[in-house]
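Novice: So the chains spell out like this:
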Amino acid sequence: GAGVSQSPSNKVTEKGKDVELRCDPISGHTALYWYRQSLGQGLEFLIYFQGNSAPDKSGLPSDRFSAERTGGSVSTLTIQRTQQEDSAVYLCASSLGLGQGRNEQFFGPGTRLTVL
Amino acid sequence: KQEVTQIPAALSVPEGENLVLNCSFTDSAIYNLQWFRQDPGKGLTSLLLIQSSQREQTSGRLNASLDKSSGRSTLYIAASQPGDSATYLCAVHSGNTPLVFGKGTRLSVIA
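Heads up: the protein sequence lines correspond to chains A and B, in order. So for the first sequence, the working numbering puts the first residue at 1; every next one is plus one. So for the second sequence, the working numbering puts the first residue at 1001; every next one is plus one.
To be clear, the hints were calculated from the coordinates, so they are not data collected in a lab. Check before you lean on any hint, since a few could be wrong.
[Claimed, not checked] In silico PhoX-like pairs for lysine-lysine, Cα to Cα no more than 25 Å straight-line:
{"#": "1", "chain 1": "A", "residue 1": "K57", "chain 2": "A", "residue 2": "K17"}
{"#": "2", "chain 1": "B", "residue 1": "K1001", "chain 2": "B", "residue 2": "K1042"}
{"#": "3", "chain 1": "B", "residue 1": "K1001", "chain 2": "A", "residue 2": "K57"}
{"#": "4", "chain 1": "B", "residue 1": "K1042", "chain 2": "B", "residue 2": "K1103"}
{"#": "5", "chain 1": "A", "residue 1": "K11", "chain 2": "B", "residue 2": "K1042"}
{"#": "6", "chain 1": "B", "residue 1": "K1001", "chain 2": "B", "residue 2": "K1103"}
{"#": "7", "chain 1": "A", "residue 1": "K11", "chain 2": "A", "residue 2": "K57"}
{"#": "8", "chain 1": "B", "residue 1": "K1103", "chain 2": "A", "residue 2": "K57"}
{"#": "9", "chain 1": "B", "residue 1": "K1068", "chain 2": "B", "residue 2": "K1042"}
[What the hints assert, rightly or not] Facing chain B, according to a computed beta carbon distance under 10 Å, are these residues of chain A, among others:
{"#": "10", "residue": "Q41"}
{"#": "11", "residue": "F45"}
{"#": "12", "residue": "Y48"}
{"#": "13", "residue": "G51"}
{"#": "14", "residue": "D56"}
{"#": "15", "residue": "F65"}
{"#": "16", "residue": "L91"}
{"#": "17", "residue": "L98"}
{"#": "18", "residue": "E104"}
{"#": "19", "residue": "F107"}
{"#": "20", "residue": "R112"}
{"#": "21", "residue": "T114"}
For glycine and all other residues, C-beta sits at the position ideal for the given N, C-alpha and C.
Whole structure, please, built from the sequences with the hints as guidance.
Specialist: Structure representation (structure tokens):
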């Protein structure tokens, strides 16, 4: 596709359930990023991948959050035992790479997660 | 730790005015700075990216400047239109964390 796509666009779940969010980056982009945007807050960096590797997982809010990327393409962000404070818009972005001249990030439309 | 601040938080102007949005960052050791636009309920659209070695970038009615030593960037919008109404986000790339965002400036252009 032409841009970054994310699915689902909206997800409503009950507290305690697990959810999986998906991101399809722009074809050929080796770097992929996950961010979270809570109501009234700025964007919070969660994790990034270079290829299939995530060098820095320190941005993940808790051990209930995990992410993986396979085949250097699609990534999934999994939240286990969801809590109400997990409600937010989860945004995915991709870039050609990490180096200067390759690191302009392009964002997907986001997944709006609501935990009841 | 890099911190990004955007002023003002909200701005309302009549159509046709030229306007300036401000962004400041605490650590001048950046790789680049990116300006985004976000419409309500939508993702982010990249407007301009300025590398650390550059001083400005232009795209149509938009001009972004970067003064790395003073930790400042401005986004200039010429001849504003109602369609420019959105939240404008500034983000810096400092290496350890791919992008650190400001909280944005919410712009309303009144016809």
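Novice: Now, for every hint given, state plainly whether the structure supports it.
Specialist: Hints, one by one, checked against the model:
{"no.": "1", "hint": "K57/A to K17/A", "verdict": "22 Å, holds"}
{"no.": "2", "hint": "K1001/B to K1042/B", "verdict": "28 Å, violated"}
{"no.": "3", "hint": "K1001/B to K57/A", "verdict": "17 Å, holds"}
{"no.": "4", "hint": "K1042/B to K1103/B", "verdict": "16 Å, holds"}
{"no.": "5", "hint": "K11/A to K1042/B", "verdict": "15 Å, holds"}
{"no.": "6", "hint": "K1001/B to K1103/B", "verdict": "16 Å, holds"}
{"no.": "7", "hint": "K11/A to K57/A", "verdict": "24 Å, holds"}
{"no.": "8", "hint": "K1103/B to K57/A", "verdict": "23 Å, holds"}
{"no.": "9", "hint": "K1068/B to K1042/B", "verdict": "30 Å, violated"}
{"no.": "10", "hint": "Q41", "verdict": "7 Å, holds"}
{"no.": "11", "hint": "F45", "verdict": "5 Å, holds"}
{"no.": "12", "hint": "Y48", "verdict": "5 Å, holds"}
{"no.": "13", "hint": "G51", "verdict": "15 Å, violated"}
{"no.": "14", "hint": "D56", "verdict": "7 Å, holds"}
{"no.": "15", "hint": "F65", "verdict": "16 Å, violated"}
{"no.": "16", "hint": "L91", "verdict": "6 Å, holds"}
{"no.": "17", "hint": "L98", "verdict": "8 Å, holds"}
{"no.": "18", "hint": "E104", "verdict": "5 Å, holds"}
{"no.": "19", "hint": "F107", "verdict": "4 Å, holds"}
{"no.": "20", "hint": "R112", "verdict": "8 Å, holds"}
{"no.": "21", "hint": "T114", "verdict": "13 Å, violated"}
Checked against the numbered hints above, the structure breaks hints 2, 9, 13, 15, 21 and satisfies the rest.
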